[in-house]
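Please arrange chain B on chain A, whose structure you already have, making use of the hints.
There are 2 protein chains.
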Amino acid sequence: MTVATTERLFNFSAGPAVLPLPVLQQVQQELLCLPGAGASILEISHRGPAFEPILAEAQANLKKLLGVGDDWQVLFLQGGATTQFSMVPMNFLTPGKSADYILCGAWSKKAIAEARKVGAVNVVWDGSSEKFTRMPRQSEMRATSGTIYMHTTSNETIEGVCFAEDPDLGEVPVVCDTSSDFLSRPLDMSRYSFIYAGAQKNVGPAGCTLVVARKEFLARAGGEKLPVMLEYKTHVENDSMYNTPPTFAIYVINLVLRWLLNDVGGLEAMHRRNLEKSKLLYNAIDGSEGYYRGHARSDSRSLMNVTFRLPSEELEKKFAKEAEARKLDGLKGHRSVGGMRASIYNAFPIEGVQALVTFMDEFRKANG
Amino acid sequence: MTVATTERLFNFSAGPAVLPLPVLQQVQQELLCLPGAGASILEISHRGPAFEPILAEAQANLKKLLGVGDDWQVLFLQGGATTQFSMVPMNFLTPGKSADYILCGAWSKKAIAEARKVGAVNVVWDGSSEKFTRMPRQSEMRATSGTIYMHTTSNETIEGVCFAEDPDLGEVPVVCDTSSDFLSRPLDMSRYSFIYAGAQKNVGPAGCTLVVARKEFLARAGGEKLPVMLEYKTHVENDSMYNTPPTFAIYVINLVLRWLLNDVGGLEAMHRRNLEKSKLLYNAIDGSEGYYRGHARSDSRSLMNVTFRLPSEELEKKFAKEAEARKLDGLKGHRSVGGMRASIYNAFPIEGVQALVTFMDEFRKANG
Chain A
136 MTVATTERLF NFSAGPAVLP LPVLQQVQQE LLCLPGAGAS ILEISHRGPA
186 FEPILAEAQA NLKKLLGVGD DWQVLFLQGG ATTQFSMVPM NFLTPGKSAD
236 YILCGAWSKK AIAEARKVGA VNVVWDGSSE KFTRMPRQSE MRATSGTIYM
286 HTTSNETIEG VCFAEDPDLG EVPVVCDTSS DFLSRPLDMS RYSFIYAGAQ
336 KNVGPAGCTL VVARKEFLAR AGGEKLPVML EYKTHVENDS MYNTPPTFAI
386 YVINLVLRWL LNDVGGLEAM HRRNLEKSKL LYNAIDGSEG YYRGHARSDS
436 RSLMNVTFRL PSEELEKKFA KEAEARKLDG LKGHRSVGGM RASIYNAFPI
486 EGVQALVTFM DEFRKANG
Chain B
136 MTVATTERLF NFSAGPAVLP LPVLQQVQQE LLCLPGAGAS ILEISHRGPA
186 FEPILAEAQA NLKKLLGVGD DWQVLFLQGG ATTQFSMVPM NFLTPGKSAD
236 YILCGAWSKK AIAEARKVGA VNVVWDGSSE KFTRMPRQSE MRATSGTIYM
286 HTTSNETIEG VCFAEDPDLG EVPVVCDTSS DFLSRPLDMS RYSFIYAGAQ
336 KNVGPAGCTL VVARKEFLAR AGGEKLPVML EYKTHVENDS MYNTPPTFAI
386 YVINLVLRWL LNDVGGLEAM HRRNLEKSKL LYNAIDGSEG YYRGHARSDS
436 RSLMNVTFRL PSEELEKKFA KEAEARKLDG LKGHRSVGGM RASIYNAFPI
486 EGVQALVTFM DEFRKANG
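Sequence lines, in order, name chains A and B. Residues 136 to 503 in this note's numbering are what the first sequence lists, from first letter to last. Residues 136 to 503 in this note's numbering are what the second sequence lists, from first letter to last.
Excised from the complex, chain A in its bound form:
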């Protein structure tokens, strides 16, 4: 008989993923009654005096972290990045127009499939022949004449590849799915017009999608007879409150944003932590004399999702099993890439990376 324990493991899950412990502790403490609200955050009206300041603070905290002003709009939506895959073209890729897409992994592939249902799509770079082991270089991203936007994915969760720097497309509006590295580093927001992210990887629980977009770009949204929930206009005009928003998720996200601002000290500081953690792990791979083989090319390595293979699938199974016994949880890679994936998001502690690196070394010696 196994006894259900309440011991927290090192959680390498790709999403939903590890959250900051102080955030979880505050959620727990306030769960029966949000101070001053007379009820749990799970029970209060989104139009009441307790929730509205939370929404406003979350918007302000997000803009502060990203360093954007009042010419940018923050939206809290539902349906995950996958719903954005549809909403972006439905609102912007109107008849007679075309949009450019970069195909750099499993998620951008899905974004392209949804856009193709709506209108003309140009895939301007395709990493599939290289098995999505790298991101395009700046010189490889050439916008098509007249394109309405360029769609990119900042970090491909499954393959573990990310842009080394923010793409520069000049006057072409860049739309970016930042789901799996959102707020892991500063972004040069001057290069983007519209970014979006499912919360459940780096900023909160599942069930909320964040959009940060230039108001000027959002004003271009068109589309005929769109479902009201899929129109950006609906959410802009109603400040994310057309219908009931995911109130609890927004509350937790706001606590995570506070943690980033006050405990961590902003995105530069967060980036340093993430560089340190990922470097430890990539050094372990690079120093393994080929025993561990990283999936991503070194110029495109993700700081969030570290993907690597072992000499055989048999050893990979053994590795995953023994890792679990060491309380290193969720290391099995996505079936499409195979091998291992260590997701080490913002809230993942360096102690967990150290424990993994120690284990990798021991495993290699025992099974070399």
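Because the hints were derived from the structure by calculation, they are not lab data. Incorrect hints may have been included.
[Claimed, not checked] If we take Cβ atoms under 10 Å as the criterion, some of the chain B residues that face chain A in the derived model are:
no.	residue
1	Phe145
2	Val162
3	Ala216
4	Glu249
5	Arg251
6	Met364
[Claimed, not checked] Stretch-level coverage of chain A by chain B, calculated; a stretch enters the list once three of its residues show a Cβ under 8 Å from a Cβ in chain B:
no.	stretch
7	375-384
8	428-434
Being a predicted model, the structure only gives us computed values, none of them experimental. We put the CB at the ideal spot given by N, CA and C, even for glycine.
Below, chain B without anything else, positioned relative to chain A:
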């Protein structure tokens, strides 16, 4: 200076709304670590061994409560009932077909507006000339020849009207928005083909929409080039896991379903409690010699949302203010109806209704 207190009030919010205290206590207790999962429910993968049994149990509990078998499908979606207003016609109201709608309040009006974007809609009953004070009688709901479905709303949250019994449309598939009285009473499921509900009124936190539908009816879903997240097929084929579902909301919903099954004793028992609570309140209105005037006609009175007016708007403001001082929170009615609205969902305690009734009596004597 006001001090933020942690005292729970009687919460008459129309949604998000009161949840069972034992459910909140369990959520609080397990928040840092779901037993056996090694992490918080907020942090675990939806594809992992800890979440999948929760999803399966929630589906099974819901089917058990509603008394339906394996010919019915349970889905957990996002975007609220408003997204269902679009998804239902986009999937079923295909070109050349028409659908019937009953217009019985603010929410069915929105459902109709979304359906009209998609195809031909017949409004077979319109309660607007009677200011939505009642639901249609059985004899007033005549389906149009060839209609693909009849859409109804079981309980209109804003006006506080509900069906006294489940509508019987014979062979015509009935699609019903049950958001604000879902699981408040047994449903004769033989009369429905497809029911849906936003969780945040009676079964859980905001951010999850429940669909319970006949598989045979779902199989008729069509529609060309629909956004993948708006196709029922996507969610049926992937058992609500095409992308990351709102895991935390599903976990809380499952605890509420357990509470209904084990603590309350099922929907018959829940219905008795709701009848008792609402009767107390309607008796207070009816016994007030016209001081309190119910919005709904007596044959259409909601058990969930009790709407009533006072002799003047001035007195209504005074009533709301003094009620708050008595810890009776959230009684202000929707601006479109005015007056008061006491939402007394499943988890609302009878003690709160008794406190309101006492206050109503005292207020009338003091301000009669």
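Against the structure, the hints come out as follows:
no. : hint    : in the structure
1   : Phe145  : 9 Å, holds
2   : Val162  : 6 Å, holds
3   : Ala216  : 8 Å, holds
4   : Glu249  : 6 Å, holds
5   : Arg251  : 9 Å, holds
6   : Met364  : 5 Å, holds
7   : 375-384 : holds (count 8)
8   : 428-434 : violated (count 0)
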